[in-house]
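Throw the hints in and build the complete structure from the sequences for me.
Taken in order, these protein sequences are the chains called Y and W. My numbering puts the first residue of the first sequence at 1, with every later residue one more than the last. My numbering puts the first residue of the second sequence at 1, with every later residue one more than the last.
The hints are simulated quantities; they were obtained by calculation from the structure and are not laboratory data. Just so you know, not all the hints are guaranteed correct.
To be verified - Listed next, the in silico DSSO-like pairs over lysine-lysine satisfying Cα-Cα at most 27 angstroms (straight line):
no., chain 1, residue 1, chain 2, residue 2
1, W, K179, Y, K56
2, Y, K56, W, K48
3, Y, K2, W, K18
4, W, K24, Y, K2
5, Y, K56, W, K194
6, W, K197, Y, K56
7, W, K194, Y, K30
8, W, K48, Y, K30
9, W, K194, Y, K302
10, Y, K302, Y, K238
11, W, K194, Y, K120
12, W, K194, Y, K308
13, Y, K56, W, K198
14, Y, K275, W, K234
15, Y, K308, Y, K238
16, W, K196, Y, K56
17, W, K196, Y, K302
18, W, K48, Y, K120
19, W, K54, W, K198
20, W, K198, Y, K30
21, Y, K238, Y, K328
22, W, K197, Y, K30
23, W, K32, W, K196
24, W, K54, W, K196
25, Y, K30, W, K32
26, W, K32, Y, K302
27, W, K179, Y, K30
28, W, K48, Y, K51
29, Y, K30, W, K146
30, Y, K178, Y, K114
31, W, K48, W, K194
32, W, K18, Y, K30
33, W, K179, Y, K51
34, Y, K2, W, K32
35, W, K32, Y, K56
36, W, K194, Y, K114
37, W, K197, Y, K308
38, W, K196, Y, K30
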Amino acid sequence: MKPPTVTHDLYELDQDWNDEQRAVMLQIRKFVDQEILPTINEEHNNEVLRKDLIPKIGQLGILEMLAEGSLDPVTYGIVCRELERGSSALRSIVSVQGSLVIGCIRDFASAEQKATWLTKLGTMEAIGCFGLTEPDFGSNPAGMITRAEKTSSGFVLNGSKCWITNGTQAHVAIVWAKLDGVVKGFLVPTNTPGFTAQSIKGKWSFRTSDTGMLFLSNVEVPESALMPGAKSLGAAIKTLNNARYGICWGVAGAARGCFEEARQYVIDRVQFDGKPLASHQLIQNKLAWMAAEITNMELMSKRLGELKAAGRVKPYQVSLAKMNNCRKAIEVARVCRELMGANGIHSEYHIGRRMVDLETVLTYEGTEHIHSLIVGENLTGIPAYS
Amino acid sequence: MKIAVLMKRVPDTASVLKITPDNKSVDMANLKFVMSPYDEHAIEEALKIREAGKATEVIVFTVGPEGSQETIRTALAMGADRAVFVKEDPSRFNSKGIAEMLAAAVKTEGPELVFAGKQAVDDDASQVPERVAELLDLPHASIVTKFELNGRAATVEREIEGGSYTVEVPLPALFTMQKGINTPRYPTLPNIMKAKKKEIKEFSLADLGLDAAKLVSGLEVSGMSLPRANRLNKILDGDSTERVKKLLTILREEEKVL
Ligand SMILES: Cc1cc2nc3c(=O)[nH]c(=O)nc-3n(C[C@H](O)[C@H](O)[C@H](O)COP(=O)(O)OP(=O)(O)OC[C@H]3O[C@@H](n4cnc5c(N)ncnc54)[C@H](O)[C@@H]3O)c2cc1C
Chain Y
1 MKPPTVTHDL
11 YELDQDWNDE
21 QRAVMLQIRK
31 FVDQEILPTI
41 NEEHNNEVLR
51 KDLIPKIGQL
61 GILEMLAEGS
71 LDPVTYGIVC
81 RELERGSSAL
91 RSIVSVQGSL
101 VIGCIRDFAS
111 AEQKATWLTK
121 LGTMEAIGCF
131 GLTEPDFGSN
141 PAGMITRAEK
151 TSSGFVLNGS
161 KCWITNGTQA
171 HVAIVWAKLD
181 GVVKGFLVPT
191 NTPGFTAQSI
201 KGKWSFRTSD
211 TGMLFLSNVE
221 VPESALMPGA
231 KSLGAAIKTL
241 NNARYGICWG
251 VAGAARGCFE
261 EARQYVIDRV
271 QFDGKPLASH
281 QLIQNKLAWM
291 AAEITNMELM
301 SKRLGELKAA
311 GRVKPYQVSL
321 AKMNNCRKAI
331 EVARVCRELM
341 GANGIHSEYH
351 IGRRMVDLET
361 VLTYEGTEHI
371 HSLIVGENLT
381 GIPAYS
Chain W
1 MKIAVLMKRV
11 PDTASVLKIT
21 PDNKSVDMAN
31 LKFVMSPYDE
41 HAIEEALKIR
51 EAGKATEVIV
61 FTVGPEGSQE
71 TIRTALAMGA
81 DRAVFVKEDP
91 SRFNSKGIAE
101 MLAAAVKTEG
111 PELVFAGKQA
121 VDDDASQVPE
131 RVAELLDLPH
141 ASIVTKFELN
151 GRAATVEREI
161 EGGSYTVEVP
171 LPALFTMQKG
181 INTPRYPTLP
191 NIMKAKKKEI
201 KEFSLADLGL
211 DAAKLVSGLE
221 VSGMSLPRAN
231 RLNKILDGDS
241 TERVKKLLTI
251 LREEEKVL
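What follows is the structure, encoded as structure tokens:
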């Protein structure tokens, strides 16, 4: 048996990165190997939220660069891929803080709001969350019930939000609410009277992530809480598109992580006539299929990054990759799980956790269905949402 | 005050090593390289001193082949100010030659403090820093687990078997760092980007006034082999009385431990 020529990355994508991108890739990989992988399965089993990770993520400087707007899209993509090789929940902390909160503030907030929040969010001294989904409205946020009413000094907010990542840890919440029937974005410090958050326990997926319910009961905020640029639901959707871009890369990392583990496993594991599992054609067929899918995911993500860097990326392009990559990542995870037999369901290996976490990623930031409808509308000219 | 840190790039300890066909060296092709972990501690300690305002500059020194720039950039991304790179394939030499190159390079900067890792995790020779100290006529303390500057001297704790002892060393001096002295930082993304702009000064042997022929020592590697991969398990059969008898025979006659 000769050693494998390549273990993944058959198209040598990682060889295209410039020196800084390569250094960033190796750095985040090391962070994940040292800080995340040794303990995450136990934390997952026990539903433990690691608060010590927040300052450590802050120290990596990813969010600082996002707050400054100095991280180019492809490097950000590489960061997401490497973080999600560790854990989808970990990557989500960065996606929410970086794309949904910092990104939204950079695009739509006032100069005063930016001055108050961006630096603190960049160091993770302050944590933010993004409250769009409600108990009764997920895929169709336009139906939201949360409302804002004008008062003499500002606004009063009422309603509730559900499934909000970083919800109970956040210092500031971006709350989307209808003002005279039109969706607007508000920046609400979570210590404002009438604002409460409660953790959602008992999840099968994202057990290491803080997912919360937000309750707004007569929350009074000043005029300056309204983000002047966030004038309609379009602002929320634009923000989500940036985060979805990171997810496209991220799930490729989760799939890579599963693949690396399973590939090694089938080489090491011997069954029937002293031969490794990897010597059987059925197994090699699955490995080849997965290698093609992972390569595909990365190529789509890289192309999106190029379009984004050129300022040409369109929402349906992001939807195409979000739809494809999340589905393929889950399928890769399931095949890897299968290749590892009984060991595949055990928390000694990472695959089971990655697999159940990917269920969340398939659903949040627009479900697979919804993204296929966005692509479908652009292919046919016919919207099929309702 | 300048601090020099001696740094070596080594194969990642997670990589699978192969021996060259002549059985005299490790095959370096297709290996992933990292900074020797003890050197990370040396850089971290130097950075802490600079950040406390007690040093002006941290300069990293390395001897390595083309390609070592990546590891040097890691040191710069951690926060070192600049680097001096003696571009020479260290596998042509051994500790004596490397130490002479580093000593000559360090001399061009005249630092008050020279830090290094207590050993490099590839050949584990623990030779180079001490030789550099000797060549530069500096006092040195090795395997340091605690470092404190006080004026023109440093008070350091050295690890010894079953304990530690404290020594005071006048500056300029050289110290080698042990794990546990600090927690090396992760390079931040902004610092990774900034590292690109930092200076890496390259020296050849000629630039340092050295002659390759004179750097070779009398030490010669006669052979190299990988650790035995498979454990030689032996499973004894028969009922328990028979197995105990067999075991005793082996312990007495083959292993001769009884
Ligand atoms: C762990 C986790 C973290 C999250 N974090 C956040 C967060 O930080 N902020 C936030 O705002 N939200 C967050 N969400 C919410 C997430 O974005 C929503 O769950 C998602 O948008 C789907 O909404 P829903 O759950 O209400 O499902 P529904 O909208 O009820 O959909 C249920 C099913 O019906 C399908 N469906 C719906 N409409 C159609 C249609 N027209 N045609 C075909 N199929 C359709 C969907 O594809 C899905 O399969 C999070 C969710 C999870 C699980």
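Below or equal to 27 angstroms on CA atoms is what counts here, so check K24 of chain W against K2 of chain Y. holds (22 angstroms)
Would you mind confirming whether the straight-line C-alpha gap from K32 of chain W to K302 of chain Y stays at or under 27 angstroms? holds (24 angstroms)
Do the alpha carbons of K196 of chain W and K56 of chain Y lie within 27 angstroms of each other, as the hint requires? holds (24 angstroms)
Need the status of pair K48 of chain W, K120 of chain Y: alpha-carbon distance at most 27 angstroms? Cα-Cα ~24 angstroms, so holds.
Between K302 of chain Y and K238 of chain Y, is the straight-line Cα distance small enough, at 27 angstroms or below? holds (20 angstroms)
Would the hint linking K30 of chain Y and K32 of chain W be met if the CA-CA limit is 27 angstroms? holds (13 angstroms)
Within a Cα-Cα threshold of 27 angstroms, do K197 of chain W and K56 of chain Y meet the stated pairing? Holds, at about 25 angstroms.
Under the criterion that the straight-line Cα-Cα distance not exceed 27 angstroms, is the pair K18 of chain W, K30 of chain Y satisfied? Status holds; Cα separation ~24 angstroms.
For the pair supplied as a hint, K194 of chain W and K30 of chain Y, confirm whether the alpha-carbon distance does not exceed 27 angstroms. Cα-Cα ~20 angstroms, so holds.
Between the alpha carbons of K32 of chain W and K196 of chain W, is the straight-line distance 27 angstroms or under? holds (21 angstroms)
Hinted pair K194 of chain W and K302 of chain Y, Cα distance within 27 angstroms: holds (24 angstroms)
Are K56 of chain Y and K198 of chain W close enough, with their CA atoms no more than 27 angstroms apart? Between K56 of chain Y and K198 of chain W the Cα gap is close to 25 angstroms, so the pair holds against 27 angstroms.
Checked against the numbered hints above, the structure violates none of them.
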